[in-house]
Amino acid sequence: MKGHRMDWTIAALLAVAIVATVGAAGVPSWIRYLGQLSTSTALASVGVMILLRAGLLSFGQSLFYFVGGYAVALIARYGGVTDALALVMVAAIAAGLAAAIIGQLLAGYRGIFFSMLTLALSMVMFSVATKVRLFGGSDGLNIGLMSYLGYRPRGPDAQWASFVFCIWVWTALAIMTHAFLRSRFGALIPAVADNEIRIEYLGYSVRKVVWVAYGIAGMLAGAGGALAGLSARHVDPQFAYWTTAGDFIFVVLLSGQASVLSPALGAFFLEILRSYASALFPDQWQTAFGAMMLAIVLFLPAGLDRLIVLIWSAVRKIRALRPHTLERGRSS
Amino acid sequence: MGTLSAIIVDAASFSAWLFLVAVGLTLIFGVLRLLNIAHGAFYSVGAYAAIYAIGASVALGWGTALQLAAALGAASVIGALIGLLVERCVLLRLYGHPEPLVLIATYALFLVLDDLTKMISGGRSLYAAQPRDNLGQIAIGGLQYPTYDIALIGVSLMVAAAAWYTLNRTRLGRCVTAVVFDSEISAAMGIHVGRIKTGTFIVGSVLGCIAGALTAPKIAVSPGIGVEVIVIAFAVVVVGGLGSIPGALLGAAIVGLARAVTAHLMPEVEVFAVYFAMVAVLAVRPHGLLAPVAARRI
Numbered sequence: 010m011k012g013h014r015m016d017w018t019i020a021a022l023l024a025v026a027i028v029a030t031v032g033a034a035g036v037p038s039w040i041r042y043l044g045q046l047s048t049s050t051a052l053a054s055v056g057v058m059i060l061l062r063a064g065l066l067s068f069g070q071s072l073f074y075f076v077g078g079y080a081v082a083l084i085a086r087y088g089g090v091t092d093a094l095a096l097v098m099v100a101a102i103a104a105g106l107a108a109a110i111i112g113q114l115l116a117g118y119r120g121i122f123f124s125m126l127t128l129a130l131s132m133v134m135f136s137v138a139t140k141v142r143l144f145g146g147s148d149g150l151n152i153g154l155m156s157y158l159g160y161r162p163r164g165p166d167a168q169w170a171s172f173v174f175c176i177w178v179w180t181a182l183a184i185m186t187h188a189f190l191r192s193r194f195g196a197l198i199p200a201v202a203d204n205e206i207r208i209e210y211l212g213y214s215v216r217k218v219v220w221v222a223y224g225i226a227g228m229l230a231g232a233g234g235a236l237a238g239l240s241a242r243h244v245d246p247q248f249a250y251w252t253t254a255g256d257f258i259f260v261v262l263l264s265g266q267a268s269v270l271s272p273a274l275g276a277f278f279l280e281i282l283r284s285y286a287s288a289l290f291p292d293q294w295q296t297a298f299g300a301m302m303l304a305i306v307l308f309l310p311a312g313l314d315r316l317i318v319l320i321w322s323a324v325r326k327i328r329a330l331r332p333h334t335l336e337r338g339r340s341s
Numbered sequence: 009m010g011t012l013s014a015i016i017v018d019a020a021s022f023s024a025w026l027f028l029v030a031v032g033l034t035l036i037f038g039v040l041r042l043l044n045i046a047h048g049a050f051y052s053v054g055a056y057a058a059i060y061a062i063g064a065s066v067a068l069g070w071g072t073a074l075q076l077a078a079a080l081g082a083a084s085v086i087g088a089l090i091g092l093l094v095e096r097c098v099l100l101r102l103y104g105h106p107e108p109l110v111l112i113a114t115y116a117l118f119l120v121l122d123d124l125t126k127m128i129s130g131g132r133s134l135y136a137a138q139p140r141d142n143l144g145q146i147a148i149g150g151l152q153y154p155t156y157d158i159a160l161i162g163v164s165l166m167v168a169a170a171a172w173y174t175l176n177r178t179r180l181g182r183c184v185t186a187v188v189f190d191s192e193i194s195a196a197m198g199i200h201v202g203r204i205k206t207g208t209f210i211v212g213s214v215l216g217c218i219a220g221a222l223t224a225p226k227i228a229v230s231p232g233i234g235v236e237v238i239v240i241a242f243a244v245v246v247v248g249g250l251g252s253i254p255g256a257l258l259g260a261a262i263v264g265l266a267r268a269v270t271a272h273l274m275p276e277v278e279v280f281a282v283y284f285a286m287v288a289v290l291a292v293r294p295h296g297l298l299a300p301v302a303a304r305r306i
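Sequences listed follow chains A and B, in order. Counted the way this note's numbering counts, the first sequence spans residues 10 to 341. Counted the way this note's numbering counts, the second sequence spans residues 9 to 306.
So that you can see chain A by itself, here it is in the shape it has in the complex (with noise of 0.2 Å):
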């Protein structure tokens, strides 16, 4: 990374929590509750795009959403913590570290092997979720209301601040994950979808390329259910179900896998179909969806923020080509 130059997405990412904040009190608060579920689906989506990049579909991010969201319903309750941000890192650290013991065993898969027994771990958590006694069963458990840092909001400015507190975390581990993504290692991730022997004789062990990515993942997945848990306020085995899995894989087809910004957008307008869909076509939602997952794959498959990063880059390009045909042409 060139320290000097200003880094768009980070500036961009900052642009957006700075506006959304200030810009809380103004809009609606049905809006400013979509934008928070947004934020918890987008984290998690956004792990599921950096497995993308390694080339690994994973169909059980829903797995540690789940324990990202049962770890604060279970503290809160049991350990009698109300403090939003010590939970969601709780939640995010037990989710991580999950995922780096279940790492250690899917690391040496690629491709569908992968992607189904990720599928079976979601499935046999979704299953002892129901069943036990600690978790609420089907019922799942409820939240009580937070503090931010000494603060207690309580009534209108509960919801406001807990909106709030979503975008700030959003985008302090969207910064994070960018910055880990222009490392070194992380640029080594999409090498791994490349050529994997190529990373081995560069002097890396894929193995644990893929390891720590899957362990970022799962991290991001349970901060975005610390989020959801906190924004609905209430936890339930759905949290681990597939299908949360692949709303996930979802908003990243959809938005695609640009930057760390995409799965915002694709968040987003998923929580938006969500909301219209279940209110004008409640039995046909499946439908919808998978329609247009198909449409996607079929006839945009890299996803919507090409289009943007298409655009982008041949703005720059022509402010960049100005100046140079200019002294072209004095020369000639």
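Honestly, the hints are just simulated from the structure, not real lab data. Predicted model, so just to flag it, every value in this text is computed and none were measured. Hints should not be assumed to be uniformly reliable.
[Claimed, not checked] Below, computed lysine to aspartate or glutamate pairings styled on EDC-like, alpha-carbon distance capped at 20 Å:
1) A/Lys140 / B/Glu236
2) A/Lys326 / A/Asp16
3) A/Lys217 / A/Asp203
4) B/Lys226 / B/Glu236
5) B/Lys226 / B/Glu107
6) B/Lys126 / B/Glu278
7) A/Lys140 / B/Asp190
8) B/Lys126 / B/Asp18
9) A/Lys217 / A/Glu205
10) A/Lys140 / B/Glu192
11) B/Lys126 / A/Asp203
Following the hints, position chain B against chain A.
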């Protein structure tokens, strides 16, 4: 002694079901090199088709044999139609695309088909146990079993034999094997590769629907039965080696035995038996028991 014979019969019956569910999946993988998640939806579509066919034939006063024939006929026709549609409209455009993209496409197809069964049935649980009840019970080792379940073992072995015979002893089967080995050379030799692929996919989806149709009299058919099936079928196929029919038979036997043993001796871990068997085999042979050894790509 009673427990042992019960375990053996249960293992055989469960393995037979597993093989029926998995054979279409492994066939499609073998020829088209794609994991068809929509297979779970084919299974539930077949089950619903059988429910309606059996219901109609019972209303017409047909006998047990005709009821089963109607169920299998309806499932096969619908399976063939859906298979043709899916292969021609979706998969044909995705051959050669990255693996995750194809996986997502079949996942999307699963969602759509699963939702269609929900729309048609209205989301209720449906039953069609008449053929199974009519066939009565049979005593093995001092225990009573439904004749239908025992007969399924024979059906499953027949499917295995037919698949083996077709692939190894007929001209068509040799063409399919050639396409699996190298589709470009087969095309050069005059084999219509596209037609072989379409045909295989249709046979695979018909097999998936038939598995659902044969299971329908045993269970309450409700939305969501397809999800579990795809994971279990994958476990079976992976244990034996993806794309191999004898592998599917072996995988079904191992997973069926694991499930039957745990069901009788440790019922609390029965749900996990399938996954344990899969993880245990994959830890020793990462590509399954009967998968050929392949070199790493460079």
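Here is how each hint holds up against the structure:
1. Between A/Lys140 and B/Glu236 the CA atoms are separated by roughly 17 Å; this keeps the pair inside 20 Å, and the hint holds.
2. The straight-line distance between the Cα atoms of A/Lys326 and A/Asp16 is roughly 17 Å, inside the 20 Å bound, and the hint therefore holds.
3. Note on A/Lys217 and A/Asp203: the hinted pairing holds, with a Cα-Cα distance of about 16 Å set against a maximum of 20 Å.
4. At roughly 16 Å between alpha-carbon atoms, B/Lys226 and B/Glu236 fall within 20 Å of each other, so this suggested pair holds.
5. A C-alpha spacing of about 35 Å is found between B/Lys226 and B/Glu107, which places the hinted pair above 20 Å, so the restraint is violated.
6. Straight-line distance between C-alpha atoms of B/Lys126 and B/Glu278 comes to about 29 Å, which puts the hinted pair past the 20 Å bound.
7. With a CA separation close to 49 Å, the supplied pair A/Lys140 and B/Asp190 exceeds the 20 Å bound.
8. Our distance criterion of 20 Å between C-alpha atoms is broken by B/Lys126 and B/Asp18, whose separation comes to about 31 Å.
9. Annotation: proposed proximity of A/Lys217 to A/Glu205 holds, straight-line Cα distance about 12 Å (limit 20 Å).
10. Between A/Lys140 and B/Glu192 the CA atoms are separated by roughly 52 Å; this puts the pair beyond 20 Å, and the hint is violated.
11. Our distance criterion of 20 Å between C-alpha atoms is broken by B/Lys126 and A/Asp203, whose separation comes to about 41 Å.
Violated hints, in rising order: 5, 6, 7, 8, 10 and 11; the structure is consistent with all others.
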